[in-house]
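Now for the letters of each chain:
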Amino acid sequence: MNRLPHLTQFADRHLSDAQMFGLLDAPDDSDASTRLHLAGCPSCQSEFSTLRVSLTNFRAAATRFASAEVPALASSRVAAHSRLSRFRRHAWATSLATVAVLAVAVPLVRPTHKTPALQQLPGNSPGVTNPAAESDDALLDGIQRDIATSIPPSLEPLAVPAASSATDIHN
Amino acid sequence: MTSALLNAQALPATAMDEPTASAGSLASIETLHELFGQRIFRFLLASLRDRDVAETLTQETFLRAWSARDQFRGDCSAATWLTRIALNLVRDHTRTNRFRFWRQVSRTAVQADDLAAHLPHPASSTESSLIAQQQLALVWETVATLSERQRTVFLLRFVEELELADIAAIADLPISTVKTHLYRALAIIRSRHLTTSDSIRKESR
Numbered sequence: 001m002n003r004l005p006h007l008t009q010f011a012d013r014h015l016s017d018a019q020m021f022g023l024l025d026a027p028d029d030s031d032a033s034t035r036l037h038l039a040g041c042p043s044c045q046s047e048f049s050t051l052r053v054s055l056t057n058f059r060a061a062a063t064r065f066a067s068a069e070v071p072a073l074a075s076s077r078v079a080a081h082s083r084l085s086r087f088r089r090h091a092w093a094t095s096l097a098t099v100a101v102l103a104v105a106v107p108l109v110r111p112t113h114k115t116p117a118l119q120q121l122p123g124n125s126p127g128v129t130n131p132a133a134e135s136d137d138a139l140l141d142g143i144q145r146d147i148a149t150s151i152p153p154s155l156e157p158l159a160v161p162a163a164s165s166a167t168d169i170h171n
Numbered sequence: 001m002t003s004a005l006l007n008a009q010a011l012p013a014t015a016m017d018e019p020t021a022s023a024g025s026l027a028s029i030e031t032l033h034e035l036f037g038q039r040i041f042r043f044l045l046a047s048l049r050d051r052d053v054a055e056t057l058t059q060e061t062f063l064r065a066w067s068a069r070d071q072f073r074g075d076c077s078a079a080t081w082l083t084r085i086a087l088n089l090v091r092d093h094t095r096t097n098r099f100r101f102w103r104q105v106s107r108t109a110v111q112a113d114d115l116a117a118h119l120p121h122p123a124s125s126t127e128s129s130l131i132a133q134q135q136l137a138l139v140w141e142t143v144a145t146l147s148e149r150q151r152t153v154f155l156l157r158f159v160e161e162l163e164l165a166d167i168a169a170i171a172d173l174p175i176s177t178v179k180t181h182l183y184r185a186l187a188i189i190r191s192r193h194l195t196t197s198d199s200i201r202k203e204s205r
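Going line by line, the protein sequences match chains A and B.
Counted from 1, the first sequence has number 31 at position 31 by my numbering; the numbering is strictly sequential.
Counted from 1, the second sequence has number 33 at position 33 by my numbering; the numbering is strictly sequential.
Please note: incorrect hints may appear among the correct ones.
Said to hold, decoys possible - Straight line, CA to CA, 20 Å or less: simulated SDA-like cross-link-like pairs of lysine to any residue:
| no. | chain 1 | residue 1 | chain 2 | residue 2 |
| --- | --- | --- | --- | --- |
| 1 | B | Lys179 | A | Asp25 |
| 2 | B | Lys179 | B | Arg84 |
| 3 | B | Lys179 | A | Leu24 |
| 4 | B | Lys179 | A | Ala18 |
| 5 | B | Lys179 | B | Arg151 |
| 6 | B | Lys179 | B | Leu146 |
| 7 | B | Lys179 | A | Pro27 |
| 8 | B | Lys179 | B | Arg149 |
| 9 | B | Lys179 | A | Asp29 |
| 10 | B | Lys179 | B | Glu161 |
| 11 | B | Lys179 | A | Ser16 |
Claimed, not checked - Some chain B residues close to chain A (C-beta under 10 Å, calculated; not the full set):
| no. | residue |
| --- | --- |
| 12 | Thr58 |
| 13 | Cys76 |
| 14 | Leu115 |
Hints are computed from structural coordinates only; laboratory data are not their basis.
Glycine included, C-beta positions come from ideal geometry on N, C-alpha and C.
Using the sequences plus the hints, can you model the full thing?
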């Protein structure tokens, strides 16, 4: 710390951080010895004055800057946000109420008869013929006829084993 | 709104209560914002150094306060209550959006030059104006290096001019701890001033 030399009783002992803090934070509450030193020490006077002016300017500049920067419409925006929040809360309440009403009402109106869609399903109407069912019946009839035949035409040679084996031997 | 908030008599007088809140004057969020909006914005701007973030958090402060107004018991002033909400938002923001925050700062940061344009006595001499700008920049930059608590306490004391008891209530700290943070913050600022003064003195030789 480089301080200007002076020929006073305070030359080698300046205000401590605590004393300077007391002067800056609450000048009226600072003790008598601190004020006495300040009155007789140009170095501390200069430092105290510089710090005080710096802090005062800092506050003033911050205040003016904030005043200039604070959005003019901020208040109305806050109000709009507030109204929007209220609207959202109402919307939520309305949605929840609607869901609750539907949850109660839907089981009560459940249909007790078949719907038209179910009535129109193939095979559900006795008076209507189904082409797919007819083809299935014809196929089953054909298979039944094939099973009922004692010897299928493709296996007919096996029905005469003697003639067949004789032929093989001779060949 | 609770009767405590509506009743100005129940609110202790502090430096932040300069615009007296009369009964019924806080009946709307617009009125609350008109009374305290600029101060909350200033505190957030000085704390976060970003216009956009400060504006957003200012609105958020009043919205939260308004939505929680039924919980306000009137144990402290409305300004103290609002500042406490704002401080919590600052802490949340810097904690959860730290990296995004710093990226944001690079785009819309408030620099010392921005503040210097608003220094009082612009008609003073060029030399004294330059010195004032240097000192302002020094304080602005030094405050940025303080810890979060030191910065908060310093801003509440030397910008908002709050009483120590109010600062303790806002920061949720004992008064003795508030004094310690304030003392350390001022010691750092004093040290930077001395260092800068020494360097200026050496340059002038």
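Results for each hint:
1. Lys179(B) <-> Asp25(A): Given pair Lys179(B), Asp25(A) holds - Cα atoms ~10 Å apart, limit 20 Å.
2. Lys179(B) <-> Arg84(B): 18 Å, holds
3. Lys179(B) <-> Leu24(A): Given that 20 Å is the threshold and the Cα spacing comes to 13 Å, the pair holds.
4. Lys179(B) <-> Ala18(A): 11 Å, holds
5. Lys179(B) <-> Arg151(B): 13 Å, holds
6. Lys179(B) <-> Leu146(B): 15 Å, holds
7. Lys179(B) <-> Pro27(A): 15 Å, holds
8. Lys179(B) <-> Arg149(B): With a Cα-Cα distance of about 11 Å, the restraint between Lys179(B) and Arg149(B) holds, given a limit of 20 Å.
9. Lys179(B) <-> Asp29(A): Distance of about 14 Å is within 20 Å: holds.
10. Lys179(B) <-> Glu161(B): 14 Å, holds
11. Lys179(B) <-> Ser16(A): Holds, at roughly 16 Å.
12. Thr58: 7 Å, holds
13. Cys76: Since chain A brings no Cβ nearer than about 21 Å to Cys76(B), farther than 10 Å, the hint is violated.
14. Leu115: 4 Å, holds
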